[in-house]
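K.L.:
For reference, the chains in residue letters:
Protein chains: 2
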Amino acid sequence: MNGADHYLYKMMHPKSIAFWGASSNPMAMGSVQLAQLLDLGFEGPVYPMHPRDEIVAGKKAYKHCSELPEVPDLAVLILPTRVVAETLEECGKAGIKSVIIVSAGFGEAGAEGKEQQNKLVGIAKTYGMHFLGPNCIGIVNSHHKLNTTFFPYDAAPGFIGMASQSGSFITQMFVHLEKFGLGFSQGFSVGNEAMIDICDCIEYLSHCPETKVIGVYIEAIRRGRDFFRVAKEASKIKPVVAFYVGGSESGKKAALSHTGALAGPDLLYDGIFKQCGVIRAYSLEELFDYCFTLGTQPLPAGNDTAILTHSGGPGAEAADSCERNGLKLADLSAQTREKLLNYMPHTASISNPIDMTFAKNPEDYTAILPGILLEDPNIQSLFMYLLLPMHRILQTLKNVTPDPVQAQELGRQYIEKQCRRIADLKDKYGKPVVGGSFCTREEPFVRVLQDYGVPVLPSPSRAMKALSALAKYAEFRRAVE
Amino acid sequence: MNGADHYLYKMMHPKSIAFWGASSNPMAMGSVQLAQLLDLGFEGPVYPMHPRDEIVAGKKAYKHCSELPEVPDLAVLILPTRVVAETLEECGKAGIKSVIIVSAGFGEAGAEGKEQQNKLVGIAKTYGMHFLGPNCIGIVNSHHKLNTTFFPYDAAPGFIGMASQSGSFITQMFVHLEKFGLGFSQGFSVGNEAMIDICDCIEYLSHCPETKVIGVYIEAIRRGRDFFRVAKEASKIKPVVAFYVGGSESGKKAALSHTGALAGPDLLYDGIFKQCGVIRAYSLEELFDYCFTLGTQPLPAGNDTAILTHSGGPGAEAADSCERNGLKLADLSAQTREKLLNYMPHTASISNPIDMTFAKNPEDYTAILPGILLEDPNIQSLFMYLLLPMHRILQTLKNVTPDPVQAQELGRQYIEKQCRRIADLKDKYGKPVVGGSFCTREEPFVRVLQDYGVPVLPSPSRAMKALSALAKYAEFRRAVE
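Residue numbers (our numbering), protein chains in the order written: chain Y, 1 to 481; chain E, 1 to 481.
Read the hints as simulated data drawn from the structure, not as lab findings.
Do not take every clue at face value.
Where chains are identical, the list cannot tell them apart; a pair therefore holds if satisfied intra-copy or between any two copies.
[As the list claims (entries may be wrong)] Calculated cross-link-like contacts (lysine to aspartate or glutamate; reagent style EDC-like; alpha-carbon spacing at most 16 Å):
{"no.": "1", "residue 1": "119", "residue 2": "304"}
{"no.": "2", "residue 1": "398", "residue 2": "89"}
{"no.": "3", "residue 1": "212", "residue 2": "363"}
{"no.": "4", "residue 1": "179", "residue 2": "442"}
{"no.": "5", "residue 1": "145", "residue 2": "86"}
{"no.": "6", "residue 1": "10", "residue 2": "203"}
{"no.": "7", "residue 1": "60", "residue 2": "112"}
{"no.": "8", "residue 1": "328", "residue 2": "249"}
{"no.": "9", "residue 1": "145", "residue 2": "481"}
{"no.": "10", "residue 1": "63", "residue 2": "210"}
{"no.": "11", "residue 1": "274", "residue 2": "70"}
{"no.": "12", "residue 1": "398", "residue 2": "331"}
Construct all of the structure, not just a fragment, from the sequences and the given hints.
P.N.:
This is the structure in structure tokens:
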């Protein structure tokens, strides 16, 4: 498939947009959504559509499509339920092919709403259009400066393609992803899925070059067979991680009242996911921990993992979590043990977890030890516990320079060097390296590592779970290749 | 027990401290630890002890205890292994009763180290002393401005009493706790537990008035019977949450190499914890999520939980997690449903999860709905999904005032009012309320709520797990009372 010919490619890459629902009242939902679109710096023309207001968001507003200077590529409809159908028809007549229907009150709102929704589908088919929704929050394409949702997109352009049955799990994730320096490549809030559903999005995202990993939030799957086929094909190309909440009785109940779709039991879905190579997550945090890791790291040849630490407790947490998540503590080869002996203090442990304790030379922790471990054929992946707080480095640098500005600069360079070494490991050895730290992105070492594409997750156990998800995906790929 | 008479109370509340191991070299481990003690503002005299240096950390240093102007309450020893015994003896002769031995190379370092460690115990007993360690990182008492570790204590004075077999899980948690506005009341790194072990710490902390909940990190329990007795007694007074890593084969291996203690299997420990009322956590994050919740919230009468949300996805995540963790979605009473009808839009769901969707009046979410739910006798605890970002509030306030400073102040007041209402619920209704949000403490509403003692945890599933831990503890308390 040529990605650019896909109708979802066109929806995600409009050159111009007609926008219904924004008005001279800046508090209206539509006005807030339009503001986000303009704030992110969408580069093409945006045409506010309004029956009375002449200026909306500082722009000339249009009453009708016939007045527009061109046929826009995309229409966004944030309108009262009763006028959606006629507006969609207007779009169709004008030749607009992609529409996002934010308005609610359709399939999720009883029999009458369902009928109205079917009417929308009929109109779209008549005019050869595709629409997303209704009852959705819209789309985001960080690489195209496109954000039709009502949340500001603050995160970086990213590599996670997302299809979500909850709008919140698009918009409210902007701030969550930012905590890790991550961002969406493209994100779909699919709403009622009247025409476009998660299967379509997964299929499209599997061919999207900016998307390295696909995240899916599922309450219920409407097309089971198609999901199976599409998810399996996608998983052969890139990882698909799914957070499915409909498997428990309570989740099913919540899903039913939220989107009106009937969810299936856990066991069934676990079986489907496993056969498709889809990695299951049990929370939003897990979903994105996994996406970070699966979207950046090479596939391990197996489950044998080394744990490198300079603190006993975090090493033990990692080891405990390793086994609970189906990984195995690798047996170090005799050669590896011998090499390690030269670099580790006599109080340290030369077994896995490799606990350097207080280092003879702290730089060995990034410069020497990971290499020794990754050269060992018994070791297929590496977890590193990471702690390089700036305040400690600056304390050390007091001996080198009394000038705080120079110390900051030296500290920055030191961190840069350590992080570069860790980031280079995966390419040098072709094995995945995942970090864990209780420090967050405010610490420069976390920020630099994450920006270099090293998953530094907020605890050893979360990192081990992510490594385990990666190993499971690698197993699927080995089985199908 | 009168807490103030306990030897651990005396260790935690010294009026004066003699400090061995700091020197004129600011990079020495001992110097770094002394710096933290002074930085936190310890209010009594601190006497650096050094054989040659006359000034250490800007203070007069002493060569020998006999030169000191008084008998210090506490000695901290960060010395080479070989001189620890003689220094301990010197402390004993001088009448010092509490000692922290940071030095390693004892019980964890083979037969000879074990013998040396026994010698330390012999000396301590001769002089009627108690020492913590060896091979520990020290103690922190945030209410007494006491921090003998080598990490700066940046967190607030807190209510979590901690006993840890990993020093890192004291020091490296300062930064983790800060993320939630939490802090330790008192924290012990117990090291090799030659004289003082986690049982002693739990017993003492159960009587410590600043400690509302006890957190324990366990690799192996050395005194099984005593643990059982002490933990059960403590759990009758306040919650005890334990993160135990020795239950898996890998965790056991890691623990053995870290502290030399032999861990027992999961099933055995699960049984012990359950009978003692100790709540088990499976990661450090869980441990502190649980401590936050168990240390602040009243005990629920049962497992029936209401989920209040304005976003479908987070509500469904909470519902799914609810059941997976042994809670139950409460059935709303007919009366409750009827009351809710007046405040919810027709598109909203009047079943549990209670999803307000787009609110008629957003303030109802804090002012009206939680009260209606908590009045329902079918509902024993409440989860609230929370999202009140400042940027949205400021956007709204543009209509009220053009002055950004005034808008900030109005925004602050608005958040304050909303948060106060949520914080008051637990006392008004005597039922626990836990929040979940993907926003972090940088958002004012998260900070204010956490500072009011409302656990706002980083995701719906983490909040539900914490609520479940609270319900388990409540069950234990009902059984023993």
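K.L.:
Evaluate each hint against the coordinates.
P.N.:
Tested hints:
For the homomeric pair residue 119 and residue 304, neither the shortest alpha-carbon distance inside one copy (55 Å) nor that between copies (42 Å) is at most 16 Å. Within a single copy, residue 398 and residue 89 get their C-alpha atoms no closer than 71 Å, and across copies no closer than 36 Å, so neither meets the 16 Å cut-off. Taking the closest pair of Cα atoms, residue 212 and residue 363 never come within 16 Å of each other, the shortest separation being 32 Å inside a single copy and 41 Å across copies. In this assembly of identical chains, residue 179 and residue 442 lie within 16 Å of each other by CA distance both inside one copy and across copies; the values are 9 Å within and 11 Å between.
Taking the shortest alpha-carbon separations for residue 145 and residue 86, neither the intra-copy value of 29 Å nor the inter-copy value of 69 Å comes in at or below 16 Å. Taking the shortest alpha-carbon separations for residue 10 and residue 203, only the intra-copy value of 14 Å comes in at or below 16 Å, while the best inter-copy value is 66 Å. In this homomeric assembly, residue 60 and residue 112 never come within 16 Å of each other (Cα to Cα): the closest approach is 36 Å inside a single copy and 86 Å across copies. Within a single copy, residue 328 and residue 249 get their C-alpha atoms only as close as 33 Å, which misses the 16 Å cut-off; across copies the closest is 10 Å, which meets it.
In this assembly of identical chains, residue 145 and residue 481 lie within 16 Å of each other by CA distance neither inside one copy nor across copies; the values are 37 Å within and 61 Å between. Taking CA atoms no more than 16 Å apart as the test, residue 63 paired with residue 210 passes in neither setting, with 37 Å inside one copy and 66 Å between copies. Neither within a single protomer nor between protomers do residue 274 and residue 70 lie at most 16 Å apart by alpha-carbon distance, with minima of 48 Å and 70 Å respectively. For the homomeric pair residue 398 and residue 331, neither the shortest alpha-carbon distance inside one copy (41 Å) nor that between copies (63 Å) is at most 16 Å.
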